[in-house]
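Line order of the protein sequences matches chains A and B.
All residue numbers in the first sequence are consecutive under this note's numbering, ending with 780.
All residue numbers in the second sequence are consecutive under this note's numbering, ending with 557.
Treat each hint with caution, since some may be false.
[As the list claims (entries may be wrong)] As a list, the in silico BS3-like pairs of lysine-lysine whose alpha-carbon atoms are at most 27 angstroms apart:
#, chain 1, residue 1, chain 2, residue 2
1, B, K374, B, K357
2, B, K319, B, K295
3, B, K374, A, K556
4, B, K357, B, K391
5, B, K389, B, K357
6, A, K556, B, K391
7, B, K357, A, K556
8, B, K295, B, K472
9, A, K556, B, K389
10, B, K389, B, K374
11, B, K391, B, K374
12, B, K357, B, K295
Source of the hints: derived by calculation from the structure; they are not laboratory data.
Please read these numbers as outputs of a predicted model, since none were measured by experiment.
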Amino acid sequence: MQAVRSQERTWRFPGMVLKGQLEFALIIWALAAVFTNVTVAVVANFTSIRISAWEIAAGVAPWFVAFMSGWVTFVLIPMFIANGRTRRDAFIEWAIVAAIYPIVAAILTAIGYVIEHVVYEVAGWNGQIDDNHWFGSRTDVGMILLEFSFMFLVWTMVGGFVGAALYRSPDLGWFSILPGTILILLSGSLDRSEFWLFGFVRRAVPEFNVTSLGVAIPLALVGAAVAFALAWWVVRDMPLRNR
Amino acid sequence: MRIETRQLTQQFGETTALDSLDLTLEGNKIIGLLGRNGSGKTTLLSILAGFRKPTAGEVLVNGEPVFENAHVVRDIALIREGGDTVEESEKVSEALRFAEYLRPNWDKELAGQILERFEVPVKSKLDQLSRGKRSAVGIALGLAARAPLTMFDETYLGLDAPSRYVFYDLVLQDFMEHPRMFILSTHLIEEVSRIFEEVAIIDHGKLLIHDESDALLARGVAITGPQDAVDAFITGRTVIGERQLGRTKSAMLYGMLQNGERDEAARAGLDLEPLDLQDLFVYLTEPKGGN
């Protein structure tokens with residue numbers, strides 16, 4: 538028996554993988570949205586609300602996104618290979634997931650801000666969001682989407698690179714965290730923390746405004762592209778482990 | 267289906283797992299791949315499946331390189347001992363779902379029948395299953411993939427004897443219904459050798475012998491009879507093993523007997539039988555064994 542040979546592309550749109558990942562993200566998002574708003578409601582009985590609870594959840598989100606991407610490269614790419622697929626095809630399918638996932642995660646994050654805005658308005662709470670965002674309010678949905686899409690993109694690519702490196706070498710793979718961290722720091726204008734690197738750059742070159750989209754977006758794209766290239770460098774001839 | 271390895275070499279640091287291995291396998295057959303522990307069987311199968319890129323040399327399947335060749339690897343299924351097509355923390359149903367998603371010839375019904383036969387709970391996670399049940403999952407994934415090249419690398423070791431016989435029957439039945447090339451790597455030579463049409467033995471990363479099973483077994487003979495007659499007959503011949511019960515002796519000889527020699531044995535009242543593949547394997551792969 539010989540399978541029919543064809544010349545068409547051998548990868549496919551990773552509908553099943555994407556669906557599974559997005560469903561899980563939706564569940565986590567819903568839990569986070571309920572948890573943060575309920576927690577704030579409880580805390581409001583004892584003290585005045587001065588911060589945004591969703592801001593804290595959004596701070597954890599990049600780690601979640603990176604972990605999920607790493608899980609795909611650590612678990613699914615080897616599974617694809619074991620089921621008769623090439624690394625190239627599996628990697629393309631991961632890349633599609635890694636391109637769509639940050640956008641969906643950013644949409645969920647933005648919805649979380651809007652929900653919190655409504656809840657805080659109704660309850661009369663005054664919790665503020667941080668001032669180092671691209672957006673100035675919880676309802677500035679366009680800028681929320683833009684900021685988180687690019688931030689999640691970098692973290693997704695770095696997570697994929699680290700996941701693949703850890704699969705390839707359970708010992709040496711941990712060293713991938715170092716270049717991964719550097720890439721995230723370099724793209725740090727998207728992170729709300731003020732990293733020393735950007736503080737230093739800002740002091741040395743005052744006109745280098747990291748909140749400028751013209752700087753931040755290219756930085757994020759370069760960081761994501763480098764992490765993507767590193768991930769492929771790890772995956773391209775990765776042997777399958779024998780358990 | 268035609269597999270050809272040329273000067274295939276795999277190094278792991280200082281260790282040479284495969285040493286310039288040349289091997290050609292052809293046709294829809296059930297082929298036994300035998301070798302001692304560390305002989306290079308798993309490494310060879312992994313390279314044949316594109317799971318690993320060799321250090322040197324090449325592997326051709328139907329004339330095409332295997333590694334990262336999408337049109338070739340989709341026709342290959344290798345199930346290694348743990349049935350590692352999915353993480354152990356995943357459910358059996360996930361493994362089946364992905365196999366259905368990725369395997370072009372996936373037979374869902376067959377997979378279900380095999381799992382039912384081995385009483386595998388599909389909603390369980392793999393790491394919650396016994397070794398035998400995990401083996402059964404591997405068997406289902408391997409057979410239901412219906413890949414033109416299907417390889418099992420000790421997948422069935424965790425099964426008890428009755429279950430292993432079920433596996434052998436399943437392989438035979440599926441082979442009859444959907445002829446393709448099967449390669450079975452095993453240590454359980456005695457019980458599985460009956461289904462091998464061809465056998466390849468590798469030792470220290472090199473091909474020791476590759477022949478049809480019958481031709482291979484004809485390379486040796488077991489002689490049984492009175493001790494004196496056996497001793498007289500085996501003098502000057504290559505004896506690879508002897509057993510004795512009372513005055514009856516059995517000796518295993520390596521080397522084909524000519525018709526005249528067979529007549530001589532018959533006249534001396536000796537019974538001649540083919541060697542067990544396992545006895546031959548042990549002799550061929552023992553440290554000072556001959557070729």
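> Can you list which hints this structure breaks, lowest number first?
Replying inline: Checked against the structure, the only hint that fails is number 12, while the rest are satisfied.
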